[in-house]
Amino acid sequence: MHKFFCNYNNLTESYELSQFRNMGLNRSAIIQAENTLLPQIQQTIQSLYENVVLLKEKESDENKLRILDETELMISNLFYSLFTSPLELVDDKKQSSGNAQTSLQLINELIKMINIPEYNRLCILIKNNLESL
Numbered sequence: 001m002h003k004f005f006c007n008y009n010n011l012t013e014s015y016e017l018s019q020f021r022n023m024g025l026n027r028s029a030i031i032q033a034e035n036t037l038l039p040q041i042q043q044t045i046q047s048l049y050e051n052v053v054l055l056k057e058k059e060s061d062e063n064k065l066r067i068l069d070e071t072e073l074m075i076s077n078l079f080y081s082l083f084t085s086p087l088e089l090v091d092d093k094k095q096s097s098g099n100a101q102t103s104l105q106l107i108n109e110l111i112k113m114i115n116i117p118e119y120n121r122l123c124i125l126i127k128n129n130l131e132s133l
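One point on numbering: in my numbering, the residue at position 62 of the sequence shown is 62, and numbering is uninterrupted.
No lab work stands behind these hints, which were simulated from the structure alone.
Given the structure is predicted, the values throughout are model-derived calculations rather than measurements.
Incorrect hints may have been included.
DSS-like, lysine-lysine: derived pairs with alpha carbons at most 30 Å apart [as the list claims (entries may be wrong)]:
{"#": "1", "residue 1": "Lys-127", "residue 2": "Lys-64"}
{"#": "2", "residue 1": "Lys-56", "residue 2": "Lys-127"}
{"#": "3", "residue 1": "Lys-112", "residue 2": "Lys-127"}
{"#": "4", "residue 1": "Lys-112", "residue 2": "Lys-64"}
{"#": "5", "residue 1": "Lys-112", "residue 2": "Lys-56"}
{"#": "6", "residue 1": "Lys-112", "residue 2": "Lys-58"}
{"#": "7", "residue 1": "Lys-58", "residue 2": "Lys-127"}
Given the sequences, and given the hints that come with them, work out the whole structure.
Structure representation (structure tokens):
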């Protein structure tokens, strides 16, 4: 099990998930940021997963389906490695349709929120797959 910390990045002026603890800020501010950042990351990954699954349902090209399968696996690995729980399956009642542009926006948000090299690399690989579609 990995231990993560919430740190304030002065360059981006936002909180992000990191491997290292920052002792410079008020502890209560960091705890509050963790309480909002972790659920936000979890929801963003879940939304990305749902979007990719819906994209996959609409696709008929074999090469694109292979890329989407690989992307779906990377997203579930990212989620599991951060939260040690599986993603929720997509409901059949889901009204929104998958959109590559929305998926790119979601993965860009994740790249901003996660400052851990191995997870950030996985996010960039997911982004590259989505851009290749």
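Hints, verified against the model:
1. Pair hint Lys-127 plus Lys-64 holds up; C-alpha atoms about 14 Å apart against a cutoff of 30 Å.
2. For the hint linking Lys-56 to Lys-127, the alpha-carbon distance of about 16 Å falls within 30 Å, and the restraint holds.
3. Proposed proximity of Lys-112 and Lys-127 is supported: the alpha carbons are some 13 Å apart, at most 30 Å.
4. Distance restraint check for Lys-112 and Lys-64: the Cα-Cα separation of roughly 26 Å lies within the 30 Å cut-off, and the hinted pair is therefore satisfied.
5. For the hint linking Lys-112 to Lys-56, the alpha-carbon distance of about 25 Å falls within 30 Å, and the restraint holds.
6. A C-alpha spacing of about 29 Å is found between Lys-112 and Lys-58, which places the hinted pair at or below 30 Å, so the restraint holds.
7. Simply put, Lys-58 and Lys-127 have alpha-carbon atoms about 19 Å apart, close enough for the 30 Å limit, and the pair holds.
The structure fails none of the hints (numbered hints given earlier).
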